[in-house]
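These are the residues of each chain, in order.
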Amino acid sequence: MGSLVALLPLEAHNPLFWILGAPLIGAALLACIPDWRHAVWLNVAVSVVTLGGAVSLLSVRPVETPLFFIDDFNIYLVVLTAFVGFTTAVFSAAYIGRESKTRRLTSRHLRFYHSMYQAFLFTMLLALTANNIGVLWVAVEAATLTTVLMVSLYRTREAIEAAWKYFILCSVGIGLALFGTILVYLAAQPVMGDGVSAMAWAQMIKKAGAFQPELISLAFVFLLVGYGTKVGLAPLHAWLPDAHAEGPTPISAVLSGLLLNVALYALLRFKMLIAANGHALQPGPLMIGMGCSSIFVAAFMLYRRGDIKRLFAYSSVEHMGIITFAFGMGGPLANFAGLLHMTMHSLVKSAIFFAVGLITQATGSKRIAEIRGLTVSHPVLGWAFVIGVLAIAGLPPMGIFMSEFLVISSTFARNTWLAVPVMVGLLVTFGALIMRLQGMAFGEPGHLALDSERTHQGWFIRGVGMAPLMAHLLLALVAGIYLPDSLVAWFQAVAKLLG
Amino acid sequence: MMAFLFGLIHTGLVLAAAPLVTGIVRLTKARLQGRRGASVVQPYRDLWRLLQKESVIAESASWLFRIAPYLIFVAVWLAATIMPTFTTDMILTPAADLIALVALLGTARFFTALAGLDAGTAFGGLGSSREMFIASIGEPAMLMVIFSLSLLTHTTSPAHMVAYVLGGHIGIEVSAGLALAAMVMVAIAENGRIPIDNPTTHLELTMIHEAMVLEYSGRHLALLEAAGMVRLLLFMSIISCLFFPWGIAGADSGLTDVVVGLLAWAGKVGFMAVVLGYFESMLAKMRVFLIADFLGGALLLALLATIFLYVSEAV
Amino acid sequence: MIPVHHFSLFERYAYDTAHLIGAVILMMSFGLLYQRRLTAVIRTYSLQAMVLALAAAWQAFVQDAPHLYATALIALLFKGMAVPFALDWLVRRLGIHRTVETALGIGPTMIAGVALVALSIVLVLPVTASATAMTRENLALAMSVVLLGLLMMITRRNAVTQVVGFMSLENGLILAAVGAKGMPLVVEISIAFSVLVAMALFGIFFFRIRERFDSLDVAYLETFRGERR
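Protein chains in written order, with this note's numbering: chain A, 1 to 499; chain B, 1001 to 1315; chain C, 2001 to 2229.
If you are wondering where the hints come from, they were derived from the structure by calculation, not from laboratory data. If you're wondering where the values come from, they're calculated on a predicted model, not measured in any experiment. Keep in mind that a hint or two might mislead.
[Said to hold, decoys possible] Keeping only pairs whose Cα atoms sit at most 20 Å apart, straight-line, the calculated EDC-like set for lysine to aspartate or glutamate is: (1) A:LYS496 - A:ASP194; (2) A:LYS496 - A:ASP71; (3) A:LYS366 - A:GLU444; (4) C:LYS2181 - A:GLU214; (5) C:LYS2181 - A:ASP71; (6) A:LYS165 - A:ASP71; (7) A:LYS165 - A:ASP307; (8) B:LYS1053 - B:GLU1139; (9) A:LYS165 - C:ASP2016.
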């Protein structure tokens, strides 16, 4: 243990110190603050510090240590995570006050919520910056734990059941992922030796060609099933809709927007290891298969959903399927598309969940049948919601259209017949989402909306609630129209890394 | 010459020592249950008493009923003769084969079951069907155990197995451990001990082995009782010979080796008898439909023992 | 090319004992599948954790890795004593049904278990015998215990037995981790997993209380202890 402490990034000029330290200290502080009104702003402040640390990574990269490292791949995910964490904290500041009144959340619950939120961000950032695959595993496990605790926040029967299901399914996944991690260590041990540096990914990738092929193939299967459960790939996705539906909306936003990405990141790190080994099994077909099944399962499940959060949870399953499919295809174009899609999905999905949160608060209901005529009763929110859903359905000029287009065209070029099921899945999803959107956004407003307590919220809080939503949608729009050259070059470099 | 002598001594020994072993088991049980219990030589007295009594046979019984006890006794005694106890240098050693052993025991069981059916009583049929049910899982389990041991030692002859183990070719083998566990379970089932069957029960509906021999009396009953005792001793010899062969004298061994072999065998069998008595007192008989789970467990253990050989470096 | 490794006598002896202990753990996994009563399941799990502690201690001795003694201690104290005690308390306090409800009969479950063991062995066979960090047998044993734990989780309907299945899956993982020579962070990983297990126990507690009393308020438990209002 002593040698581990020596490897911690404890210097103030090291961005990692701020990225990891701020959420951790924030979590500890937030556990002590009794008044939630102060806690929400401390939460935002800590997130700003984390974001600052993440942005500073762009200029000064810390040296690689056996525990932590930053390369092109995780740097952009760190920035994305810190950014979405920040905007969600802002949204949560506006959202949670209302919830505490309507849902009988005590101040203890809110203290717990804020503390766990920062703890969750810490675990995700730890997973993203970890060099040691064991630390990566511990971080993903801790992320699962913190979110389970938050999903059960409302303490209703459904919430507890959802949290229990989430916990059991993801714990099994985590267990299998640990077995895969041990197998990777065993496969690498003849070339990497023993000790903490034997499990450092940045070192492993250099010698991956000499790993034992049978062991690493077996390891990848376990890791695909294990981390794949956390990504929400069908048929391992059963926990996802319940966890999204029953937890508080800011948690749904970070679950969809960030945690699924982190799990996929872990999977991709191992995919890179196995792809570097010529004799091991090809990871591509497995990922393509699981991606396709996710797209299809999600597409058809979208039709019969009655709960708005569940609807978008299945949409997350579908998009993670598309991303996995893209990375399974491999090659510079498909990888680029996958990376772009990860970013766009993060932004747009969290924006949608922000909107959903505001909608459920305004109308007082989660049922799709009871939400009607949003553009009439709440014009700004309604139209933002419309834009968000159109974005997630893949309409131009938003970013997701671009990435989906790239996925399909690269698949078409490489293996024409594979593109057909993907397109069918995307079209089915499009249909389902537009159908639901039409019912929710247009028409006569339901009686619930007209009785809303909307007027009781000050304009400042309303603005704070809407701002993250607008910011994300704006970013997605801009990315769809124009990607700065430096960003394109950067994605291309990462795409090459991914092989 | 010595082989012939040892063979003769061995054959007499298993017959003579069997009632003693049963006596030890009963005495242990009695003492653990807080009773004084009969002395260890009581089974000898029981057998002698039965031999002198008149044998009463049902009118509906056929010639099979009369012949069966002799056949059963001879089959079991022959099986006991094959299994080395204190030395492997016996006259019958070249003919000894574990598969033949299983066949002999199977023959004995077959005739027991037929005899149970022969008298035409309900309880006889009950016992026979239960016995066959146990055999349908127990015999494959025993064969799997022998199979895994044979794979390990490259032979089915017990004498060669002993020579292989004593020659130091096997380390601590997982498969051997699993096979031992399976063998113990099968031995309990074959001998009709608790938890499979209570040998001292008076309730006919709970009987398995006793039900088949319910109609016998006199010398026929004496033969059947003796066969049961020899079978118990046989299984103890199997376990001590196959799994703990240390002490067994080899091909060209002097008098001291033989004496050591005798003492070792006596010690092992005596220890097993006491342990059997202990566990019979501690456990309760399980319900008949749970026997399938128990023996299924034995079969699966034996199967695992075989499977494990392929992952260890032994095969 | 990976050089072929010839085992020394000490290594042979060490590996054989490790395999034996691993086989005992595997037998207990089967024992967990075999049991029909909840208290027997908990006791078998407790025994399995103690044998796991023995395995970890043996590996600590053989590999000359003193940090594995810490893993052994955690396995013994936390998993061998504290967790079964907590489970017993939960079962009694919440009045959970004492017999194990199975989705598949005990016989077919055992057969499926043996099939899974055969599968692990088949998967492990291609790995060359010269693997020095962990022998094939050890890896097959650990994988079998993991898969049997998974089987137990799938074929049981009761929340407590599902959690016990999960914990036996964890035992298999720890067995793999201590068997892998020189693996770092074993203690940290086992602590992390123990936290997960503790959460599972909390989860059962809350879950069942919610089911029975329609509220998570523990004060209700006090009322239902039978005291008059």
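The hints, checked one at a time:
no., hint, in the structure
1, A:LYS496 - A:ASP194, "30 Å, violated"
2, A:LYS496 - A:ASP71, "13 Å, holds"
3, A:LYS366 - A:GLU444, "18 Å, holds"
4, C:LYS2181 - A:GLU214, "18 Å, holds"
5, C:LYS2181 - A:ASP71, "30 Å, violated"
6, A:LYS165 - A:ASP71, "35 Å, violated"
7, A:LYS165 - A:ASP307, "18 Å, holds"
8, B:LYS1053 - B:GLU1139, "35 Å, violated"
9, A:LYS165 - C:ASP2016, "40 Å, violated"
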